[in-house]
Each structure stands twice: as C-alpha cells, then as structure tokens.
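Okay, here's what each chain looks like letter by letter:
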Amino acid sequence: MNDAANTDRWIRWLNTLQLVLAGVVIMAPTVWMVLSSFKPSFEVTAYPPTMIFSPTLENYVALTKTTPFLSYALNSLIVTVGSTALGLLFGIPAAFAVSWTRISWPAILTLAARMAPGTLFLLPWYVMFRQIGMIGSYTALILSHAVITLPIVIWVLLPSFDGIPRSVFEAAQVDGCSVTRILWRIALPLVASGVAVSAILAFVFSWNYFLFALVLSNGDTKTLIAAAFNFIGEGSTQWGALMAAATLIALPPLVLAALVQRWLVSGLTLGAVKG
Amino acid sequence: MASISIRNLTKRYGNFTVIPDLNLEIADHEFVVFVGPSGCGKSTLLRIIAGLEPISSGDLYIGDKRVNGVQAARRDIAMVFQDYALYPHMRVYDNMSFALELRGTPKAEIDARVKRAAALLHIEPYLDRKPKELSGGQRQRVAMGRAIVRNPKAFLFDEPLSNLDAKLRGQVRAEIKALSQELKTTMVFVTHDQIEAMTMADRIVVLQSGTIQQYDTPETVYERPANQFVAGFIGSPAMNFFPVEWHEERAVLSQGGTVVPLDGETTGRLSKAGNAVLGIRPEHFAVATDAADGIAINVKLVEPLGSDTLIHFDLASASAIARVDPALRPKVGDRINLRPQPGKTHLFDSASGQVLR
Ligand SMILES: Nc1ncnc2c1ncn2[C@@H]1O[C@H](COP(=O)(O)OP(=O)(O)OP(=O)(O)O)[C@@H](O)[C@H]1O
Ligand SMILES: [Mg+2]
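Read top to bottom, the protein sequences are chains H and W. Counted the way the numbering used here counts, the first sequence spans residues 32 to 306. Counted the way the numbering used here counts, the second sequence spans residues 25 to 381.
Note that these hints are calculated values from the structure, not bench results. Treat each hint with caution, since some may be false.
Unchecked claim - Facing chain H, from chain W, some residues (calculated, C-beta under 8 Å):
# : residue
1 : Ala97
2 : Arg127
3 : Phe253
4 : Ser278
5 : Gly281
Beta carbons are placed, not taken as given, at the ideal position from N, Cα and C, and that holds for glycine.
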C-alpha cells in the first residue's frame, strides 16, 4: 500500500517536471521576446540579458513611426479573414461531401497539397499571377492562403461529420430534406464547435504564414509577418522594434487560443454526437 | 395512404445477394410485419421501400407510381429507426415539426398537429427538452411522434421496440396497434420478435435469406405453416419436430420405432409419403390416461409459467417440450403419456421441408 502511494507520488512529481520543462521550452522565448520589447534599445542585445530595467514603450513608438505597421496589420487581417472565410466556404461542404459519400481521395489530395512545401506552389503561382497582373493583389494572397486554410477546415471537420450517426441523416432524408438542406439544418449545427475550432486554427495558420506574402505581395499589401521578416538585415537590425513587432504579431493567435481553449480541446478530441 | 408493390426485386451488395427475387403486395391500410432471423434482409427491404437503399433490379411501386429512382425525400414515407435517430440539437417539438416545416405547412397547423401527436403519445411534458434529456422509452415515442405528425403514404418501423424493457414494450406494442387502427395508414413493421409479429400484423411476411417463406394472416401462419422453417420460427416455445415413417401400416418414429397415435387424415398423408417430419406444437399435446393411447415419456424438467406448465422430455433422441395443465402438477421423473391432439399435427417433406397436404 505504501509502495503504491510512493509510485503515485513519483508519477505526479514526474508529471509536474514534464509540465515545467515543456513550459520553459515554450514560454522562455516568448517571455524573453515580450520583455525585450519593453527594454530600451541598447539593452535588448546586452549579454548577459538584463533582468531589471525600467520598461519603456520606445520600441513600440519607433515601430509605428518608422514603419507603416498599422497598414501591415490591416493587410494581415484582410488576407487572414479572407482566406479563412474562403477555407470555410469550400471546406465545410467538401468535408461533408467526403463524409457523406465516403469517397476520401479529395480529402487526401488536399492534405497532400498542405504537406508539400510552399515553395512548390510559389514559382508557378508567381508566374501565373504575374501574367494576369495580380501580383500584389489581396485576391492573389487570399487565394494562395486558402491552400493553408482549406485542408485545416476539411480535416478538422471530417471526423466531426463522420461522428454523426448515419441514421440521423437518413431520418432527415425521409423527412423530406435534400442533401444541401441536411448539411445546413442538421449536420452543421451538430458540428458547430468543430467549425469554430477549424476557423480559429485556419486563422492562426494563415496569420502566421509568411512565404506566400513574401513573394506575392507588394509594398501596399505586405502582411505583418512578411514585413517583420524584412526588418531583419535591413542595414542595422532594430532589435527592439523587431521584438515589439513580434510581440504584436503573436498577440492575436494567443488571444484567440486563450478565448476558446475549452472548445479547442473538445473540438480536437472530436466528441462524437450522441443522440 | 397507398399500397406498396414489390416486383421481382433483387438486392446485391457487390457479389453478395441479400434478396434474390422477391414479390410482395401490401394493400392500402394494411399492417404488415416482416419477421425473420437476424441477417435475413428485413432492414434491407424496409430501407429499399424508404428509398435509402438502391434496388439492384426489379420494380417498386408506392400507390400506382413506380418509385425506383425516386429519392427518399420525395417518397412521402415516414420511418421510425431502430436507434430513433432523433435530431440531437433540436427540441422534441422541433424534431416533430421539422418535416412539416420543410413542406411549408402553416405554423398554426404544425402546432395543432404536433400537440395532437404529443397528446396521443403522452409526451406533452417533454416538448421543450432535447432528446438527450429523455429516457429510451420517451425517445422512442418522440420518434413515433415525428412520424405520425405527418400524413405519409406509409409508415415504416425498424424494430422500434427492441430497446425497451419488457413492460414498456408490451405497452407501446398495444399503442402502435391502436394507432394503426386510428390512422388507417399502410404500415410495415420489422421485428425478429414473433410475439410482436403475431399480435400486431394483419399479415406476416416470414423471411429467410431474403426469400419469403410465407405471407399470410397470423392465424394461418401459426395454424398452417407453409414449411418447416415457418413452423419452427413462429410459436413459442417452438414446434417439436420428429422424423416419422410409415411402417407395417402404422406411423412410427424413425428413431426407436415408437408408434405415434395420429389422426386419420395425417395417417393418410404419411402413408402416401412413406416418411416425413412430424411437427407438434407444445400446446398441442394432450395427456392420455391410458398408456395405449399415447407415447410414454419421462419428465426431464418442469417449468411452471402460472397459466401453463412446460415439461421438457427426450423423444427419439431429440429434446421436446409439451405445454400442459398446471393442475397436473408434474414432477421431474414422472412418467406421462402424451398424445398429439387430432387435427393439430403437421407433416413436412423430409427433403424439402415443404408441408405435406
Ligand atoms: N452495406 C452493406 N454491405 C454489405 N452487406 C450488407 C450491407 N448491409 C447489409 N448487408 C448484409 O445484408 C444482409 C441483410 O441485412 P439486414 O440488415 O437487412 O438484416 P436484418 O434482417 O435486418 O437483420 P437484423 O434482424 O439483425 O437487423 C446481412 O447478411 C448483412 O450482412
Ligand atoms: Mg435489421
């Protein structure tokens, strides 16, 4: 009995250790980044890092003064919201169709497209979009980011749709529902949390993706993350401003994740619908 | 309200033929029960009628319209599923009103119909609840309610009572029967419970391996089964079967040669056939006082049911059951003379199992 209690304690202790380690690995750079963004610029690169400093907003002020930060943020928002909406618009019916027909190759195909490196698409897209004069347009960016969002929506929703008992759909058919109606009136309400999760994940992944914007955007449509990438190595890197930018960029995904963390877990574990 | 007509229907899944070639006419207003062992194709046939399963070949008519390619949504049929299949996100009320709403029925009429169905099924207190807040029996009623608010051409039921406890099952069984008499709509009811089949049906379809073994009234199916399969399937406890022969101008058990006292007509049929399988229901044994009148058996096991008593015994190296008067108070080891009641015995062809007439 003592042995069991001891083992229990050990396991709990190991669990805690594991959490702390994971926390440190994940949190340390974040904390460092956030703290640095509030340091006077000469202290940012000081070694060893200063722990005690008088916080200042000078980096944030410099960021907004020297760069069109807000318009970059707006670009990011337009591209991310647009591509997420596009992903949902096509991903929801696509996932439902795959679940309904049990023909799975289209879903596999989108997954393969998502797993391929982005550079694979970049060259043909660049040539294509240039030929039709769309380089630098929001449309080109939103379309390209749909490659990120569509597979996420499909693959998060597919198991949710699969989890709905077939007979519920059949009952709706017998009640006089067309397949489209079944999607909107029966299936979609039952996977609402899955839709929310897929939307948030799509938003975050699209927000964080910089490769397409790096090449397909122009000065007016550059997204935040692509712009931040340009800060590095532009003559003397402004580390302080960069930290401030990184902090602001990381904010929306973190806030979103925090707001819906409970949904996120239940949506990802894909609780089947129990009648 | 409509008749249902199935002509030369076959159903295959890949190379596997579930229904080889089936013909069935269900009259308008008729209550037909499909009964048969698990896997015989009852659900498949029901789902074909509903339009949830495509037909491999043959024709299906509802009313006088051929509906082979017609989608389930356009067949105007109501179905109650074995697992109820209620819409989990809708209140009971919305579950029931959904089909009417889709058809554009006026709000006031929807409300009246839902209320009426709810009253009939005693589910008025639950109209605002979600399905997961209901017991199995209540869900079952909601599933029924969802069907009866409509005025469909036919109702289809797939084992709707199998998840209920024995008492509730008996109650709902009676309710469905009463309902069918009130609604006067064609009903097809699937079950593997032969008591449900006997008590509710106007006519019973006994299915085996996708073929109809017999299609007739419950009385006929019970009293004059078409073959040994039907005889063994309908009735509880099941009919006893003994191989018999015509030997030295008498009917004897093939095993052991015991003489079986049969009525004149049965004797005549056996003498023509030479040998056969004799079928006697447990309730069709009489206890003979005179040893010369009956077959002597040893009581192996006694099951008092209150209204009757079942006695188990071995005869011709098979176990058999007889249903006797409880006043007899039989005991294990007792020696009793049993005699088949005249006119209640059945003879089946030894090879084909078809009844000998
Ligand atoms: N989708 C399918 N693919 C292949 N075979 C199937 C399919 N659906 C049913 N079957 C087969 O068809 C046969 C009939 O099935 P069905 O469900 O109609 O039986 P049932 O009479 O309703 O049985 P139960 O009383 O167990 O419900 C079974 O042998 C089953 O294995
Ligand atoms: Mg079945």
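Going through the hints against the structure:
With 8 Å as the threshold, the beta carbon of Ala97(W) comes within range of chain H, its nearest partner Cβ sitting at about 5 Å, so the hint holds. Hint status for Arg127(W) relative to chain H: holds, with the closest Cβ pair at about 6 Å, below 8 Å. Below 8 Å, beta-carbon pairs count as interface contacts, and Phe253(W) has none with chain H, the closest being about 30 Å; its hint is therefore violated. A cut of 8 Å between beta carbons decides the hint on Ser278(W): the least distance to chain H is about 49 Å, and the hint is violated.
For Gly281(W), the suggested interface contact is broken, since its CB lies about 56 Å from the closest CB of chain H, more than 8 Å.
Hint compliance for this structure: hints 3, 4, 5 are not met, and every other hint is.
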